[in-house]
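S.K.: Sequence:
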Amino acid sequence: MKSIFSFLLLCSLVASAQHTISGTFLPAENFSNIFLYKSSPSGSTYIERSAVQPDGSFSFTLDDKTKAGIYKLVYNLPVEENNFDLIYDGNENIKLSFETGKELVFEESQENMLWTSYLKSINIPMNALSSFYSEEKLEATSYTKIAHNLKTIQQDFEEKAEGLLVLEFIKANKPYIPSEMEALGTYFNHVRETFFRSIDFSNPLLQSSDYLTNKVLTFVFDLVSNPNNEFYQEQIDRLATSIGNDNKTVQKNYLFLLWQQFVDMKNNEVANYISSRYLEKLANDTKDKMLLETIVAHKNTTLGSVAQNFDIPLTENGQEITTTLHDLKGAKQYLLIFWSSTCGHCLNELPKLRDFLKDVPKETLTVVAFGMEDEDSPWKAVIKKFPEFIHVLGLGKWNNPISDLYGVQATPSYFLLDKDKKIIAKPEDVEALLNLLKSTP
Numbered sequence: 009m010k011s012i013f014s015f016l017l018l019c020s021l022v023a024s025a026q027h028t029i030s031g032t033f034l035p036a037e038n039f040s041n042i043f044l045y046k047s048s049p050s051g052s053t054y055i056e057r058s059a060v061q062p063d064g065s066f067s068f069t070l071d072d073k074t075k076a077g078i079y080k081l082v083y084n085l086p087v088e089e090n091n092f093d094l095i096y097d098g099n100e101n102i103k104l105s106f107e108t109g110k111e112l113v114f115e116e117s118q119e120n121m122l123w124t125s126y127l128k129s130i131n132i133p134m135n136a137l138s139s140f141y142s143e144e145k146l147e148a149t150s151y152t153k154i155a156h157n158l159k160t161i162q163q164d165f166e167e168k169a170e171g172l173l174v175l176e177f178i179k180a181n182k183p184y185i186p187s188e189m190e191a192l193g194t195y196f197n198h199v200r201e202t203f204f205r206s207i208d209f210s211n212p213l214l215q216s217s218d219y220l221t222n223k224v225l226t227f228v229f230d231l232v233s234n235p236n237n238e239f240y241q242e243q244i245d246r247l248a249t250s251i252g253n254d255n256k257t258v259q260k261n262y263l264f265l266l267w268q269q270f271v272d273m274k275n276n277e278v279a280n281y282i283s284s285r286y287l288e289k290l291a292n293d294t295k296d297k298m299l300l301e302t303i304v305a306h307k308n309t310t311l312g313s314v315a316q317n318f319d320i321p322l323t324e325n326g327q328e329i330t331t332t333l334h335d336l337k338g339a340k341q342y343l344l345i346f347w348s349s350t351c352g353h354c355l356n357e358l359p360k361l362r363d364f365l366k367d368v369p370k371e372t373l374t375v376v377a378f379g380m381e382d383e384d385s386p387w388k389a390v391i392k393k394f395p396e397f398i399h400v401l402g403l404g405k406w407n408n409p410i411s412d413l414y415g416v417q418a419t420p421s422y423f424l425l426d427k428d429k430k431i432i433a434k435p436e437d438v439e440a441l442l443n444l445l446k447s448t449p
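Per the numbering used here, residue 9 is the first one in the sequence shown, and the count goes up by one each step.
Since the hints were derived computationally from the structure, they do not count as laboratory data. Honestly, I wouldn't trust all of these hints.
As the list claims (entries may be wrong) - Taking CB as the label site, the calculated pair distances span:
| no. | residue 1 | residue 2 | range |
| --- | --- | --- | --- |
| 1 | G338 | K446 | 55 to 61 Å |
| 2 | V87 | F364 | 38 to 44 Å |
| 3 | T69 | E436 | 43 to 49 Å |
What the hints assert, rightly or not - Computed cross-link-like contacts, BS3-like style, restricted to lysine-lysine with a CA-CA straight-line distance of at most 30 Å:
| no. | residue 1 | residue 2 |
| --- | --- | --- |
| 4 | K388 | K295 |
| 5 | K75 | K182 |
| 6 | K159 | K297 |
| 7 | K307 | K446 |
| 8 | K337 | K360 |
| 9 | K256 | K223 |
| 10 | K366 | K393 |
| 11 | K446 | K429 |
| 12 | K307 | K256 |
| 13 | K168 | K145 |
| 14 | K128 | K168 |
| 15 | K337 | K388 |
| 16 | K307 | K110 |
| 17 | K388 | K405 |
| 18 | K289 | K405 |
| 19 | K256 | K168 |
| 20 | K340 | K360 |
| 21 | K182 | K168 |
| 22 | K153 | K128 |
| 23 | K429 | K366 |
| 24 | K145 | K110 |
| 25 | K446 | K360 |
| 26 | K46 | K75 |
| 27 | K46 | K73 |
We put the CB at the ideal spot given by N, CA and C, even for glycine.
My request is simple: use the sequences and hints to build the entire structure.
M.R.: Right, here's the structure in full:
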């Protein structure tokens, strides 16, 4: 009897130490698996997978070794668009329901229910404040009421969250509330100046969530409707100052996030501003070689920049000589191709280019084909099919210093240069290249 009692007691203790993350995803046929990740300042670590049942339900069981912090549920592809964060304090179950096209609802979990309730509550007076400043005539009494509501909601939720992890997020989200009504321009400037005032960028809990990322993107891209590059640069400077030089890794991560955004927008002026003013030094300070190579390669290949120089061996009058890309003369344009003799796409695209250029004189366009190779024997055989091209052998393939300078990540890669070797186009494939050449007078 004693052993049975001990066994039942043990089972009870084990059960009490376990918590669950469960809920439903609807319609069930739109979802197959839910993936659970543990988030940290350095990234996310996969924990486990739960199959979505025919009724849309899923469940994860967490043991007493599961650490408190930020967790992420991924429910579809692409991952970056189909996930959300959870706050897990190690002491409660989390139950939620999600339906396509509707808001996420937490049915159980004080931490997460309080956070969603806070956001809904604080957004009401924040939206009222936006409407207030859109009016032609500003009434002080209306402002006083809105400001009072903001202060009350913020204070109430901070008190409710005392002792909880979510308190860090609620305090970080505290809005700027002027003590008295301000003109729109003054108010906007103060919002910019105080945007990160309540945020501790060194807080690992905040770093582990999407909260800081969303705040940074909002600060740079959403505060005004038609920002110019000067505004972007001012916001970037404010962000860097707010993070502080003591948080080099954090500063690097969020500035790189913005750098990538501007690269995707093809706004090279601001992207290069970020790299020159901040990222190059931060990459060196944190010994991040990969980041340094990435940003330097982008700067090197920005449209309008002079292509990076390298040696080119030539044979003239039976003698071998060495010149450089910059020293090539006589053509209106130059086409630099990074390719490989073992690359299927290259062996498909280069003949199309060769055939197109049959009637194009070298004085109009000269091709420099840089072969990224592991060894020279296959390259020597293949280049015989392209005698019109100037060929350069780059051993080391993906570890070649010249291709690294150009940030080459796929073959073939094309760079169209003018007579002064400035980069004027970077066609993505041979079809885009040929269309470009056809349209060039």
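S.K.: So which hints don't hold here, by number, going up?
M.R.: 1, 4, 6, 13, 16, 19, 24
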